[in-house]
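What follows is each chain in one-letter form.
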Amino acid sequence: MENQILIEARELSRRYGATMAVSGLNLTLRKGEILGLLGPNGAGKSTTMKMLAGCLAPSGGTVKINGIDLAQAARAAKSSLGYLPEQPPLYPELTVDEYLRFCAGLHGIPGNQREAAVTRSKQACGLTEVAERLIHNLSKGYQQRVGLAQAIIHRPPVIILDEPTVGLDPIQIREIRSLIKQLGESHSVILSSHILPEIQAVCSRVMIINKGRSVYSESIENTAQHRVESVIAGLRKPPAIAVLKGLPGVNRAEALDGSLFRLAVDAGTDPREALAEAAAKNGWGLFELRSQAKTLEEVFVELTSGDITVHETQKEAA
Amino acid sequence: MSTVLTIARNEARRIFVSPLAWAVLAVLQLIFAVVFVSLLFSYAQDSQVRDQSQGVADVIGGGLFGFAAVVLLLSIPLMTMRLFAEERKSGSLTLLLSAPASLIEIVLGKFLGLVSFMLAALVLLAIMPLTLLSGTHLDLGFIASGLLGLFLLMLSFGAAGLFVSTLTREPTIAAVVSFGLLLFFWLIQIFANQQIPFASAIGYLAIIGHFQSLLRGIFNTADVVYYLLFTVFFLWLAVLRLDIERN
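Top line first, the protein sequences correspond to chains A and B. Residue numbering for the first sequence follows my numbering, beginning at 693 and increasing consecutively. Residue numbering for the second sequence follows my numbering, beginning at 7 and increasing consecutively.
Treat the hints as calculated values from the structure; they're not laboratory data. Some hints could be false.
Stated by the list, open to error - Lysine to aspartate or glutamate pairs mimicking DMTMM-like chemistry, simulated, CA-CA at most 20 Å apart: (1) A/K903 - A/E703; (2) A/K937 - A/E913; (3) A/K723 - A/E913; (4) B/K95 - A/E913; (5) B/K95 - A/E703.
Unchecked claim - The following label-pair restraints were derived from C-beta to C-beta distances: (6) B/N253 - A/S831: 32 to 40 Å; (7) B/N226 - A/E703: 51 to 59 Å; (8) B/R175 - A/L826: 40 to 48 Å.
Idealized CB from N, CA, C, for every residue including glycine.
Isolated chain A (complex conformation) (with noise of 0.2 Å):
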């Protein structure tokens, strides 16, 4: 059962009033993925994940947890779900202690192994000498630590976790980042944000949402890999730019200099193969050959400004 898919939303989609928050947004997270959920600010990341939580009721479409359908057996969907919201859900005047205790309960874990599951929790997030504190009186840092733990307490196979690094120290960021690489060990994780070295630093795979439609949804691999934009030839003998051109998967040529090449290439292909047999076959002297590909944060720019053609790239990652 690796690839056991534990959260599926299908044309997921949430009105207020006459604005469309998230519309028609497909989802699929399997076991042991850690899938980051990128846009900018107000795209629909908060309120997709408020859905996926039960929090919140879609206006259309359906959200299945671990198999289970969330409007329709919420409990039993909801008992399979940790969910960090953007502001950590605590309870000031209590210990650290008391509020897990309180989680451990809420979630059903039976009173003869809650302290067992409080201890778990705190050690994962390394909130022991903390235990006896007020969480009122803990650092930013410490109670974003207590809203992971409380989010991990029962074990739930799917977690999910709403900007879970904002407003804490780097060296905080790097602790809550490691902190979730663990988990995506054992668990699936969502995670949002709209930091993107943080969702390269720690995902699987990356969605990025734009006005709450799924703009693209890759795996972080092939996010840097497979996204060859432009392919840059150094050519001691050049031919015509018209034969550069001519190249299949070449849709524009240009010259940099007397023998470096930029071309620009289609979507999903790679001439490199193609011009380095052709250079080889006509001598073109071949002596550099590199490709630029496009990174996330170039990919980011381009789907999520201006005012450009949605297009649904639901590849997904196998």
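Assemble the complex: chain A is given as a structure, and chain B must be docked to it using the hints.
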């Protein structure tokens, strides 16, 4: 059911670790004590009071509990205002909403937690007339009826306050509005004595009329049912309101 109890226990803990609950209990106790002592003096010194009443339980118990109803009308909204309004404001409501608990369980749990505060206030109040047992004969049925009436009244106040608390994210607004709502149900008693249509129906809806008979030691099932229906109605409204919010 265990979810309800878990939420209730947590709510009770949160109420009693807050200074607000202790401040309210202390102030209530001080006011009740002043009233109790003044009633005691008037009973001991004024023979007219003794002749017109049905005994010490009537004057002191009845008088004290009748006065307590007014004070509780003012103080219960302070205890209910935080229930949902503050949780919504601080974002902690999400914890309950994303947990495997139904809205009914959440509302019932919170209400039961509040009931623990009401019982504390009630016990502290009951101790005062019961101290008279050491010196005189006390009509315990009379006292019990008054305490039951007061408890039912508190349940109704609490349920209405809880509902108002689900409407807003500002605790102070919740307090003001629930105070107004309770006062409204109190004051419509005035219309019961006017020559207007449905006067008797309005009088029946008024929250205080049913308390008066319990205060006089008359136990009528209809009065008890009125308070229970009032309580259930507002708790149900609170569940509906939270459901609407989710949609």
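> So which hints don't hold here, by number, going up?
Replying inline: 2, 4, 5 and 8
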